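In the order they appear, the protein sequences are chains A and B. Residues 1 to 264, numbered by the numbering used here, are exactly what the first sequence covers, in order. Residues 1 to 326, numbered by the numbering used here, are exactly what the second sequence covers, in order.
Hints listed in this document are in silico derivations from the structure and should not be mistaken for laboratory results. There may be inaccurate statements among the hints.
Some chain A residues close to chain B (C-beta under 7 angstroms, calculated; not the full set) [claimed, not checked]: (1) Gln161; (2) Asp180; (3) Phe185; (4) Arg189; (5) Thr192; (6) Arg221; (7) Gly252; (8) Ala255.
So the derived label-pair ranges between C-beta atoms look like this [what the hints assert, rightly or not]: (9) Glu210/A <-> Val196/B: 29 to 39 angstroms; (10) Thr173/B <-> His109/A: 57 to 67 angstroms; (11) Pro49/B <-> Pro203/A: 43 to 53 angstroms; (12) His94/A <-> Arg208/B: 52 to 62 angstroms; (13) Gly228/A <-> Val196/B: 39 to 49 angstroms; (14) Ser276/B <-> Val62/A: 26 to 36 angstroms; (15) Tyr237/B <-> Gly228/A: 51 to 61 angstroms; (16) Glu210/A <-> Pro49/B: 37 to 47 angstroms; (17) Ser195/B <-> Pro66/A: 37 to 47 angstroms; (18) Gln275/B <-> Gly175/A: 29 to 39 angstroms; (19) Ala260/B <-> Ala49/A: 22 to 32 angstroms; (20) Ala193/B <-> Met141/A: 26 to 36 angstroms; (21) Ser276/B <-> Arg91/A: 49 to 59 angstroms; (22) Ala147/B <-> Glu210/A: 21 to 31 angstroms.
Since the model is a prediction, treat every value here as computed from it, not as a measurement. Here a beta-carbon is modelled for each residue, glycine too, at the ideal position from N, C-alpha and C.
Listed here are the chains, written in short residue letters.
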Amino acid sequence: MQTTHKSWALDPGEHVCWQVRSPQEYAAGERELIEHTARSAGRLLIVGAPAHTTNGSGRVSVLYPPRDVPADGQGSEVLRAIQGRVQAARRQGHVLRVLAAMEHVAPPHVPLDELVGHELELAELAAESGTSVVCAYRQQMWEPNLLGDLASVHSRVVGTQPRTAGFRLSRADAGGWSLDGSVGFESLRAFTAALRGALARTPRVQLRCEMLDLIDASALRALVETVGQAPGVSVVLDGVNETVLRAWRMSGYGATGAAVEVCA
Amino acid sequence: MTDATPAPAAPGFVHMFYPYTGEQQYLSGTLAYIQHARRAGGAVVVAAPEERRAVLGAHLGADDGVTFVDTAALGRNPGLLIPLWQDWIGQLAVAGEVHGINESVWSGHDRAQQGELRYQEWLLNLAFARAPAWSLMCPVDTTGQQADAIAALARCHPLVWSGDEYTPSSDYTADVYAFEQMPEPPEPYEQMAYSVGDLHAVREKTTRWALASGLPTSRAREFTLAVSEVATNSIRYGGGSGTLRLWAQDTALVCELRDAGVITDPLVGRIRPPQSQLGGRGLWFVNQLCDLVEIRSAPGKGTCIRLWMELPSDSTVTDEQVDDLT
Chain A
1 MQTTHKSWAL DPGEHVCWQV RSPQEYAAGE RELIEHTARS AGRLLIVGAP AHTTNGSGRV
61 SVLYPPRDVP ADGQGSEVLR AIQGRVQAAR RQGHVLRVLA AMEHVAPPHV PLDELVGHEL
121 ELAELAAESG TSVVCAYRQQ MWEPNLLGDL ASVHSRVVGT QPRTAGFRLS RADAGGWSLD
181 GSVGFESLRA FTAALRGALA RTPRVQLRCE MLDLIDASAL RALVETVGQA PGVSVVLDGV
241 NETVLRAWRM SGYGATGAAV EVCA
Chain B
1 MTDATPAPAA PGFVHMFYPY TGEQQYLSGT LAYIQHARRA GGAVVVAAPE ERRAVLGAHL
61 GADDGVTFVD TAALGRNPGL LIPLWQDWIG QLAVAGEVHG INESVWSGHD RAQQGELRYQ
121 EWLLNLAFAR APAWSLMCPV DTTGQQADAI AALARCHPLV WSGDEYTPSS DYTADVYAFE
181 QMPEPPEPYE QMAYSVGDLH AVREKTTRWA LASGLPTSRA REFTLAVSEV ATNSIRYGGG
241 SGTLRLWAQD TALVCELRDA GVITDPLVGR IRPPQSQLGG RGLWFVNQLC DLVEIRSAPG
301 KGTCIRLWME LPSDSTVTDE QVDDLT
């Protein structure tokens, strides 16, 4: 594992994965984010219990799910509440930043597919509203492999770097999704979860692949199988390099009627 | 058994060796084979270097029903021989029996290429053992060739073509192929052990090393994909770990991957996977991507796979190129 420097100079629409080693690190990071937000005259929404008192400036608000969301509300209801706060801030002419302690969005025992689905929804919210979203995962609460998989559906990782899945699925500037890095056997769990999550949001998924280095035989198979398991859906890998295109042609999957299109 | 025609009487593969010396003997033997084949009503495919196709074509009429194919598609990699013949036969088999002439280029190749070319000739017997009836005659110009090299080739063919008939070869070894020993890599070489979770690191190391060694970006990516496929097999089937070694040799880059697994099917990766089969494409990719693939595997010894990629003659590389891709 390696540690990267935390930078809270967030770009508008960034969807960041923050992997937190300790409560002290969380508290320090939260403070830095509050201070950085104040310096940039922005506003911050903290999802979960804040580590610091937040009253006074009016620049920091809190969404505390047990209190602010229906008692049995988890996951999608918390996301609806976040979206509501973001839209309300926009109506008032403010751009909100979001710091979400992810154990308050979904309990750590939920399946990867569900978590990835939440993350893709947050990625869309960030891209469409210009809101920067920081998803804080406290490492003592989450299974290490899960954190590696979840890192692959964010545009950036700060804090302790997990053993990453090798690829990254993030929102593309022009809409749709961007698939970067390399997708191999070690990525299959995260890759299929990301594909299923994207397909759940739209039946025709377009992946911009200009930054995709390679995709191996097992991942092409996973792609074809995942698409084949959901009738009526299709995936387009657009802008692939010649190696990815060659791998697709060598696989012969294109001749099997798979609803997958791969083009340069 | 002696037969005046190369056309087999029953379904099966008739694979014969035709050692010849000089153009005159080449022409008499190949033209006789083609004549027998056409008389039997079969289609004929000639896969040979350009100059041989020109010589033969000059002695055949336009309506002789002979299809010429370019062996340039093989490139350096003899591992493409079987799938190419699968394709050529597939295109002509609808017309009935197929008779092929397969002439490889033996001169100008190094030890590894020649060894692999011989092995492919031997593997043809396995690959087409259950194929519909077809015959393949392999002419080899013995001029300037070492006697042991010709003897090694004779061991790969069950039959020998005399010039107008075929007879069983007493040299043929059907059961176990006798590989030449692979030499140790030349110094210096790089080495890394890998296990579950290291595939990304294996890919990064291969790409960086290949680019720094002068491989163009697209070929470096292809090399990396091939290495990744073999390393993945180590993780999945080879005991979960392996060792990667990388070195430059003459005009090529070589990646060697060793693990504790055993490959029991000698044809793995050599035959195009059927569309109905979803898996089994890793070593198929490897054979298609690399310029040469050597596979050695045996119980108690594990598996060693060497992947070769030719360097371009004018390879230059910048640090920016390396950084861009890694």
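Right, here's what the structure says about each hint:
1. Annotation: interface hint on Gln161/A violated; nearest CB of chain B at approximately 12 angstroms, more than 7 angstroms.
2. Interface hint status for Asp180/A: violated, as the beta-carbon distance to the closest one in chain B is roughly 13 angstroms, over 7 angstroms.
3. Because the closest C-beta pair between Phe185/A and chain B is about 4 angstroms apart, less than 7 angstroms, the hint holds.
4. Among the interface hints, the one on Arg189/A is violated; its C-beta lies about 13 angstroms from the nearest C-beta in chain B, farther than the 7 angstroms criterion.
5. Violation of the interface hint for Thr192/A is found here, the shortest Cβ-Cβ separation to chain B being roughly 14 angstroms, above the 7 angstroms cut-off.
6. Look at Arg221/A: its Cβ gets to within about 6 angstroms of chain B, closer than 7 angstroms, so that hint holds up.
7. Because the beta carbon of Gly252/A sits about 6 angstroms from the nearest beta carbon in chain B, less than 7 angstroms, this interface hint is met.
8. Hint status for Ala255/A relative to chain B: holds, with the closest Cβ pair at about 6 angstroms, below 7 angstroms.
9. Taking the beta carbon of each, Glu210/A and Val196/B are about 30 angstroms apart, inside 29 to 39 angstroms as hinted.
10. In this structure the hint that Thr173/B and His109/A lie 57 to 67 angstroms apart at CB holds, the actual value being about 60 angstroms.
11. A hinted range of 43 to 53 angstroms holds for the C-beta pair Pro49/B and Pro203/A, which are about 52 angstroms apart.
12. Taken as a hint, the range 52 to 62 angstroms is violated for the pair His94/A and Arg208/B, whose Cβ atoms sit roughly 46 angstroms apart.
13. For the hinted restraint 39 to 49 angstroms between Gly228/A and Val196/B, the CB-CB distance of approximately 27 angstroms leaves it violated.
14. Checked against the hint of 26 to 36 angstroms, the C-beta distance between Ser276/B and Val62/A comes to roughly 57 angstroms, which is inconsistent with it.
15. Against the hinted window of 51 to 61 angstroms, the Cβ-Cβ separation of Tyr237/B and Gly228/A comes to about 25 angstroms, which falls outside the hint.
16. Checked against the hint of 37 to 47 angstroms, the C-beta distance between Glu210/A and Pro49/B comes to roughly 41 angstroms, which is consistent with it.
17. Separated by about 43 angstroms at the C-beta atoms, Ser195/B and Pro66/A satisfy the suggested range of 37 to 47 angstroms.
18. Here the CB-CB span from Gln275/B to Gly175/A is close to 34 angstroms, well matched to the stated 29 to 39 angstroms.
19. Between Ala260/B and Ala49/A the beta carbons are some 51 angstroms apart, a value that contradicts the proposed interval 22 to 32 angstroms.
20. For the hinted restraint 26 to 36 angstroms between Ala193/B and Met141/A, the CB-CB distance of approximately 33 angstroms keeps it satisfied.
21. Between Ser276/B and Arg91/A the beta carbons are some 56 angstroms apart, a value that agrees with the proposed interval 49 to 59 angstroms.
22. Taken as a hint, the range 21 to 31 angstroms is violated for the pair Ala147/B and Glu210/A, whose Cβ atoms sit roughly 56 angstroms apart.
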